[in-house]
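Given chain A, put chain B in place with the hints provided.
Each protein sequence line maps, in turn, to chains A and B.
For the first sequence, the positions run 1 to 239 when this note's numbering is used.
For the second sequence, the positions run 1001 to 1279 when this note's numbering is used.
Incorrect hints may have been included.
The calculated lysine to any residue pairs, modelled on SDA-like cross-linking and capped at a C-alpha distance of 25 Å, are [said to hold, decoys possible]:
1. K1177/B x K126/A
2. K135/A x L1190/B
3. K103/A x R1104/B
4. K81/A x K1179/B
5. K126/A x S1161/B
6. K135/A x S1161/B
7. K1177/B x L71/A
8. K1276/B x M63/A
9. K103/A x S1161/B
10. K1101/B x D47/A
11. K1014/B x E131/A
12. K1177/B x R1104/B
13. K1179/B x E131/A
14. K1276/B x Y90/A
Just so you have them, the derived chain A footprint on chain B, three or more residues with Cβ under 8 Å [stated by the list, open to error]:
15. 1017-1023
16. 1176-1186
Going by beta-carbon spacing under 10 Å, a handful of chain A positions derived as facing chain B [stated by the list, open to error]:
17. H65
18. N67
19. L70
20. R72
21. R74
22. F79
23. K81
24. F95
25. P97
26. R98
Honestly, the hints are just simulated from the structure, not real lab data.
Ideal Cβ placement from N, Cα and C applies to all residues, glycine included.
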Amino acid sequence: MYGQEFSLQSISLAIPKSQITGIMGPSNSGKTTLLRILNRLTDLIPDILIRGQVLLDGVDILMPHYNVNLLRARVGMVFAKPIPLPRSIYENLTFGPRMHGVKDRRILDERVEQSLQAAILWDEVKDRLFESALKLSGGQQQRLCIARTLAMQSEVILLDEPTSGLDPISTAKIEEALRNLKKDYTIILVSNNTKQIARISDRVAFFLMGDLIEYGPPDMLFTNPSDKRTEDYVSGRFG
Amino acid sequence: MMRLNPILSQKIIKTLLWILTGSTIGILFFIIIYIFIKGLPQLSWTFLSTNPVDMGRSGGILATIVSTVYLIGIALFFATPLGLGTAIYLTEYTREGLITKIIRFGTESLAGIPSIILGLFGFAIFVIAFGWGWSLLSGGLTLSAMLLPTIIRTSEESILSVPQEYREVAFSLGVGKWKTITRVVLPAALPGIVTGIVLSIARSVGETAVIIFTAGSSLRFPSSIFESGRTLAVHFYILAREGISMPMAYGTAAILVLLILIINISAYMTMRFLMKRYS
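This is chain A alone, in the form it adopts within the complex:
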């Protein structure tokens, strides 16, 4: 609830491990707010009021004394706009681990390579790791942002419309990376792009005006939705 306005109400979702959970819905349906609650970036919003529980391995992360920094290390986030820090590619990837006390150069090098491989970026940047990350193209920057989360060895990755500003080829690369990643990570993907959700999600949730309308396997939501509003949305009648 921001000020007097409800942005989400009475949501109950069980998000399965090692799968991609897609969240779709028109703008203002509360998707991003939900995502930001999951790693408590909502703490940055003054006067926000959140009631309920978010259980990660059975522990409520919304409890006030929960260690937010450790939570965010476990639950990574990729934003809609690719935001590389104004540093080298290498420093972008090692920034998080370093701040969490990883100092060993060998371990850092290893994490850089592994995370870039996993984000399908390694071949494109391996010769210029120490150049500014701002020189990369938009699609490369977004894969760098995914790699930055992976370098934290997080368990959950939240993606907030990660391909909204990208061309189809870059989008395809990111989708490929996500498909490969899901065996080791729990992925939650928010997207306006219904087709993208249909392509890569294992479970789909449909949000409308802060309500969870329907949640289930993509086949069900896309071919045989139980709610009229879901049907209207996936068939492009609104949104």
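Chain B in isolation, oriented as in the chain A frame:
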């Protein structure tokens, strides 16, 4: 009413603005060239490397250069952490409200206080009450009060200009607030902060009234910060005001102008370097 031909009126406006801009630059160049013509002939290695003799009628200006450096050093030593700390508090740790408004109003009022009043304050507090007498320490502390508003405002502006997204990225990587500020926000804001600090130095180099009140005007080579000292600007003022030696006064003025030029250019270069490093 007759309307002017738009092309013609454009031309008139353009010429007028050009003349205005030209005169501004012209005044600047006139001052600099005048000072250099009068002052540069006085300059020599001996002028820079020896102490003033006979009230400054002969000898050099070494003691005044050293006093100037001391004074700026002391002022920055106190004003930088205070100013930067205030700016960080105002931008990162509070929400806009009554308290920030009061603090901002306070710093802006500080900026508006005539320097001679600050000098009187420094005299009453540091020179008399603290018993430090006319000393570089008293002068430096008073000067730091003068620099604070500039440092606070420029730091605040550069911190605010750091994209909010950088903070979100750092937070989303589980980096705490203080580390986010020191490792992400401040490096990105550094060019602006450094420029603000360096330009505040340029301003304080030219101060006289405040310095005379608080640091005195002793011509001896200062051996500690508890001794009185005379800065370049004060030296110039006394040489010219008392009619001691106009050639020496112009020589001092030339050094002062050169110093300010060097400070401004180095501020610009540092900013360029830092912007490259962090972008």
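Here is what the structure says about each hint:
Distance hint between K1177/B and K126/A is unfulfilled; the C-alpha atoms sit about 32 Å from each other, more than 25 Å. Restraint check for K135/A and L1190/B: satisfied, since their Cα atoms lie roughly 21 Å apart, inside the 25 Å limit. A C-alpha spacing of about 41 Å is found between K103/A and R1104/B, which places the hinted pair above 25 Å, so the restraint is violated. A C-alpha spacing of about 23 Å is found between K81/A and K1179/B, which places the hinted pair at or below 25 Å, so the restraint holds.
Of the supplied pair hints, the one linking K126/A and S1161/B is violated, its CA atoms being roughly 32 Å apart against a limit of 25 Å. A hinted pair counts as satisfied when its Cα atoms are at most 25 Å apart, and K135/A with S1161/B qualifies at roughly 21 Å. A C-alpha spacing of about 14 Å is found between K1177/B and L71/A, which places the hinted pair at or below 25 Å, so the restraint holds. For the proposed pair K1276/B and M63/A, the alpha carbon gap of about 43 Å is over 25 Å, so the pair is violated.
For a cut-off of 25 Å, the pair hint linking K103/A to S1161/B is broken: about 31 Å separates their Cα positions. The suggested pairing of K1101/B with D47/A holds, with an alpha-carbon distance near 20 Å, which does not exceed 25 Å. Using a Cα cut-off of 25 Å, the hinted pair K1014/B and E131/A is violated, with the two alpha carbons roughly 44 Å apart. Distance check on the hinted pair: K1177/B and R1104/B sit about 23 Å apart at the alpha-carbon level, within 25 Å; holds.
Simply put, K1179/B and E131/A have alpha-carbon atoms about 24 Å apart, close enough for the 25 Å limit, and the pair holds. With a C-alpha separation of about 17 Å, the suggested pairing of K1276/B with Y90/A holds against the 25 Å cut-off. Closer than 8 Å: that is the beta-carbon criterion, and the stretch 1017-1023 of chain B has 0 residues meeting it against chain A, so the requirement of 3 is violated. Requiring three or more residues with a Cβ within less than 8 Å of a Cβ of chain A, the coverage given for the stretch 1176-1186 of chain B holds, as 4 such residues are present.
Annotation: H65/A was flagged as interfacial toward chain B, and the flag is violated, the nearest CB pair being 15 Å apart, outside 10 Å. For N67/A, the suggested interface contact is upheld, since its CB lies about 9 Å from the closest CB of chain B, less than 10 Å. Annotation: interface hint on L70/A holds; nearest CB of chain B at approximately 6 Å, less than 10 Å. Among the interface hints, the one on R72/A holds; its C-beta lies about 4 Å from the nearest C-beta in chain B, closer than the 10 Å criterion.
Interface hint at R74/A: satisfied, since its Cβ lies 8 Å from the closest Cβ of chain B, which is below the 10 Å cut-off. The criterion of a C-beta within 10 Å of any C-beta in chain B is met by F79/A, whose closest approach is roughly 7 Å, and the hint holds. Interface hint status for K81/A: upheld, as the beta-carbon distance to the closest one in chain B is roughly 7 Å, under 10 Å. Residue-level restraint check for F95/A holds (minimum Cβ-Cβ distance to chain B is 7 Å; threshold 10 Å).
With a cut of 10 Å, the hint placing P97/A at the interface with chain B holds, because the nearest CB-to-CB distance is about 9 Å. The interface hint given for R98/A is met, as the beta carbon of that residue sits about 9 Å from the closest beta carbon of chain B, less than 10 Å.
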